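Asker: Assemble the dimeric complex from its two separately framed chains, guided by the hints.
The listed protein sequences correspond, in order, to chains P and L.
Sequence positions in the first sequence follow the working numbering and run 1 to 247.
Sequence positions in the second sequence follow the working numbering and run 1 to 267.
Hints in this document: simulated from the structure, not taken from any laboratory.
Don't take each hint at face value.
Over 10 Å on every C-beta distance to chain L, these chain P residues come out as not near it, computed from the model [as the list claims (entries may be wrong)]:
1. E11
2. L46
3. L53
4. L92
5. F239
Where chain P lies over chain L, by a calculated footprint (3+ residues, C-beta under 8 Å) [what the hints assert, rightly or not]:
6. 42-48
7. 193-205
8. 244-253
Keep in mind it's a predicted model, so treat the numbers as computed, not measured.
Note that beta-carbon positions come from the ideal geometry of N, C-alpha and C, so glycine has one too.
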Amino acid sequence: MIERYVRPWLEGQGFHLSILWDPTDAQRFLLGLGFTLGLAIASVLLSLVIGVLGVALKSSPWRPVRQAVTAYVELFRNTPLLAQLYFFYFGLGSLLPMVEDADGHAVRMIGNFQWAVIVLGLHSGAFQIEALRGSIDAVPRSTIEAAQALGLHGRKLFRHLILPLALRNSLPALGNSLAQAVKSTSVAYAIAVPELLYACNRIWTDNFNVAEMMQVLLLMYFILLGGCALLMSRIEARFRLPGYHSR
Amino acid sequence: MSPLTLLSQRIRPPLNASRFIALGVLWLAAGVGVGAVAWVYRDIIALLLNWTPALARGFALNILMGVVAMLAATVFGTLLGCLQVSLHRGLRQMAVLLTQLLRNAPWLVVVFLVMNLLPFEFQALDRWWQIPDWLKAALGLGLAGSGYVSEIVRGGIRSIPVAQWEAAASLALPRRKSLRLVILPQALRSMVPPWMSLYCAVTMATSLANLMGVEELMTSLQLRLTGQTRPDLLLPAYLYVFVAFFIYIYPISRYSRYLERKWSLYS
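Pulled out of the complex, with its shape left as it was, chain L reads as follows (with noise of 0.2 Å):
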């Protein structure tokens, strides 16, 4: 029980037949309402849900982005994250320096950076390949990103106790062999809720794409929205972008609390 519990401690009344009506006339109320607000918006809604094939296009590609962007973060983050418990101490602080750099960093930063930084195309295999802008801004998330898988990976390390390393020493298994077959898949457990979160943020963070032009669903949105000029379209529009977000999302942060919790509860 929390403290705050404590100040408003109530008994719940049992659900007698006139509180079942109460609730009964509410639900109805609130039925109606929705109703009638969606036949006042009606053609509004019908234009959300004409472009809704196109704007899904949109969203995949935010998707796709966050897919990517992770990849990149888990890959460069576990490595950086690795190299942060180092016995090495050159490597162990220039990896500790680049996590911090990395994390205090804000994204868009990032994204601006590797955007201007990677060229616009580059010759390899007697050919010019062409990098994509939302690739580009993918790679931005996915190394703003990688700082903070850097820090999962790094507290997940630390959480298996020193007992585990030495028991891995006595089976004669070297550092580099220890870390890969004892350590982290014992602190695997205790990092996958903080990535499905940061999984979560950096999803939500592919719209930050829209400020480079890339055509996600924001992007979509504003260009389909130039084309209407109608001022009362703006506040559906936009609450469009949230429900897409929100039900993309919440899922997912809720069932990475719900592992968090599960498992904090064993370990």
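The following block holds chain P by itself, in its conformation from the complex (with noise of 0.2 Å):
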């Protein structure tokens, strides 16, 4: 039907929109949708597990360990993400033994989409950390003075209020993280993961549809987005305290 009906009719109107008809592009493009989201949904998670861990090594009562995370989180986040990606997988991947896959190739240990992976997780994951400790910050002291008196104390406390409003009050930030993450997620570009971008690229030098596709990418990327504050808005109602009011 597409071939019948849509080509002639978006190629009449100069509009050569290659993945509808040609499957080898379909591919390509359908490929790099899903890596996009598997790179924004592992990154997102590493970010997630970084930034509790951080978080939680913050409050260490040693000064070095909550000196070494404070350096972790200003380095990462006053360097740029292209810098940190080729750092991790130029500089270091090329220290990485090599090992053999299931043909009998020699590949790196830690091939691209993984190191992509890595390092969307630790950028992301260094500004987690600031996001999570503040909305532990915003838990109001009336509230936990308030448990205190009733006998609430060290974990118990931590377990039965300052965490779940916690979580509620990093709801925002945590779609934030999640929209930049997704955003990112272009950058794996400059390391060959055939994400989204890449995808289109490739598309775009083989059919000259440069502006065809660039329209498809931010219109991608538009729904994606889109898709991220729609479940977070939905998880926000969801969780939702009546009266409850981060500061």
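Answerer: Next comes the structure, spelled out in structure tokens:
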């Protein structure tokens, strides 16, 4: 149907949207979309783990541990993501030994997709630590005092009071970091991870349809980010406590 | 006091003699360690120092691109931000939509868009002018950043109490004039810290121009690295990029956070 009706009409408009009728291009495009989603989800999960760990370490009684977390946060917040990607992929990656894959080819121990996940995770993890800490700090002092007056302290206070409120406080920042993660996946283009931008770049160099693919690319990112925003507003509505507003 | 400190309250011991000696030994060990590493990698360090003048030119291009991008973003973003609070419904909705679109597009994609969209050269004043690649990349980053500036401006304007608008109106100032003479000057203070951190982000993003072949810091480093074919050089070389950016960005971002803290206390 596409071949018969859509293609002549679109091409008549001067719109060479090859991903609709060329199976190779369609496959490349969908694979790119999958890689972008996979990268975003994996790196957000990694950054959440790093964020929770970092917050826990940042309240450690030992000063060097706290300083190490601060150093990590400052280093990753104040250097370009691309430099981090190159540093890990080329700098550290070249030091790793080669291993044999299933077909007997020698490959790097950590592939470009894994490196992209690691670096994007480390990068947004640094922001996650600050966000999570901020959401813990935003738990109202008076609520904590009220809980203390009821005899809660230490671990119990943290589990039953600070954590549930802090998690709710952190939802907007989490949504923000999710959106940021989806956008940052495009930088993985630099180490040839076949994500959306890379796939589109391949398609427009093969078909000379830069303008069309550019629009499709932007549209895809808007849909993805709109989806993230929708998801987060659903989650926020689901966990909303009547009468509780964070600072 | 944050709730976290409740969990880990601890009193620091006073600095006595044994602690003093332990600290001294620690610092000495650290110094010896750094010295040893520097000795082992002395030829690499010498090579990197040798490259520094050329790499500094690359980094200067990064900074220039950052400034140009930020100028473009500020001009366009301020306009967009003011339109976001316009009374004209169509203008406002268009500005809001454009801001959201710009904010939700990945920077790299916007840079690609502008690089492909802008012509290689254009005709004006009876001659052809070429647009250098670095300028195209900077304008792309400026376009991407203008969405953020627009939000900063809108937030700054919103942070000013409505009473100020009314006061300006009671002085018979038309809306445009009261925005320019009354609201924006007051909003400036809350806009400066996020503007500075946006500048940091834009300057860091100029390294993306590496992917467009613009000869900035990372590209000039990679050009020199390919001439060497030494895999052991890669790690220190990319560490060098880290350090260069960190030295430039960190003070600015620290200062922006300081301003944010300082000014949020009194507003």
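Asker: Would you mind marking each hint as holding or not holding in the structure?
Answerer: Checked hints:
Annotated as non-interface, P:E11 keeps its C-beta farther than 10 Å from every C-beta of chain L; the closest such distance is 21 Å. Remark: the non-interface label on P:L46 is consistent with the geometry, its nearest Cβ contact in chain L lying 19 Å away (cut-off 10 Å). No Cβ of chain L comes within 10 Å of the Cβ of P:L53; the nearest lies about 14 Å off, and the non-interface call holds. With 10 Å as the threshold on Cβ separation, the claim that P:L92 sits away from chain L is violated: the shortest Cβ distance comes to roughly 7 Å.
No Cβ of chain L approaches the Cβ of P:F239 within 10 Å, the least distance being about 19 Å, so the stated non-interface status holds. Three residues within the 8 Å Cβ limit are the bar, and the region 42-48 of chain L against chain P gives 0, so the coverage statement is violated. Given a C-beta distance limit of less than 8 Å, the hint that chain P covers the region 193-205 of chain L holds, as 3 residues qualify and 3 suffice. Only residues whose beta carbon comes within less than 8 Å of a beta carbon in chain P count, and the region 244-253 of chain L has 5; three or more means the coverage holds.
Hint compliance for this structure: hints 4 and 6 are broken, all remaining hints hold.
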